[in-house]
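**Q** Chain residues, written in single-letter form:
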Amino acid sequence: DAGITQSPRHKVTETGTPVTLRCHQTENHRYMYWYRQDPGHGLRLIHYSYGVKDTDKGEVSDGYSVSRSKTEDFLLTLESATSSQTSVYFCAISESYRGLNEQFFGPGTRLTVL
Amino acid sequence: GIQVEQSPPDLILQEGANSTLRCNFSDSVNNLQWFHQNPWGQLINLFYIPSGTKQNGRLSATTVATERYSLLYISSSQTTDSGVYFCAVANTGGFKTIFGAGTRLFVKA
Chain A
1 DAGITQSPRH KVTETGTPVT LRCHQTENHR YMYWYRQDPG HGLRLIHYSY GVKDTDKGEV
61 SDGYSVSRSK TEDFLLTLES ATSSQTSVYF CAISESYRGL NEQFFGPGTR LTVL
Chain B
1 GIQVEQSPPD LILQEGANST LRCNFSDSVN NLQWFHQNPW GQLINLFYIP SGTKQNGRLS
61 ATTVATERYS LLYISSSQTT DSGVYFCAVA NTGGFKTIFG AGTRLFVKA
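Chains A and B, in that order, are what the protein sequence lines are.
For what it's worth, the working numbering labels the leading residue of the first sequence as 1, then goes sequentially.
For what it's worth, the working numbering labels the leading residue of the second sequence as 1, then goes sequentially.
Don't read these hints as lab results, they were simulated from the structure.
Where a beta carbon is used, it is the ideal one built from N, C-alpha and C, also for glycine.
It cannot be assumed that every hint is accurate.
Said to hold, decoys possible - Below, a sample of chain B positions facing chain A; criterion: calculated Cβ distance under 8 Å: (1) Tyr48; (2) Pro50; (3) Thr53; (4) Gly57; (5) Ser82; (6) Phe86; (7) Ala90; (8) Thr92; (9) Phe95; (10) Lys96; (11) Gly100; (12) Ala101.
All chains, please: the whole structure from these sequences, using the hints.
**A** Written as structure tokens, this is what we have:
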């Protein structure tokens, strides 16, 4: 298994509070991603990073920010959590070679916003 | 952006049966992956297959990129094959990945 951990694995919080999820990798892969998974949907990309301090928006980035100060860590922040952000959040990593890019996923974080 | 459609949405099989899952996509891609999400939520890589055919045990996959579809074959299904199967695609660079809604498979003993 790819060395990807996510913390916390479960979190319950209240509307309006800030929340930070952490993704940590030991593979030294350049690319990291945050997705959310909701019932009836596949995974949807929130943000991704293509290097330290280099990030870009995905499909559903509103209400989320990210930071990557080290190769191994990618943080996802909900500045003011809302009930619509209740979801399962997955981190992924990849290393691109000649335009080909296979992603590997972490175990997920289940976030509940009350 | 790219649209991804998976079919069927749900599938119930008797143990030992074979099945074919389909993934259609609306634009050219140079990255395509199949994943199995087990009942505990873990996403398991099955195939990285932007084109061609690959086999791994009872599973195989074929992507015909020019016709914009990929097929996942499961032979001699087992109860442990239950879960959701996702197709995910991306074009150049492979970063902005789009997932299909998945096929939910239940294999009965």
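**Q** Does each hint fit the structure? Answer for all of them.
**A** A quick look at each hint next to the structure:
no., hint, in the structure
1, Tyr48, "holds (4 Å)"
2, Pro50, "holds (7 Å)"
3, Thr53, "violated (17 Å)"
4, Gly57, "violated (18 Å)"
5, Ser82, "violated (18 Å)"
6, Phe86, "holds (5 Å)"
7, Ala90, "holds (7 Å)"
8, Thr92, "holds (6 Å)"
9, Phe95, "holds (5 Å)"
10, Lys96, "holds (6 Å)"
11, Gly100, "holds (5 Å)"
12, Ala101, "holds (5 Å)"
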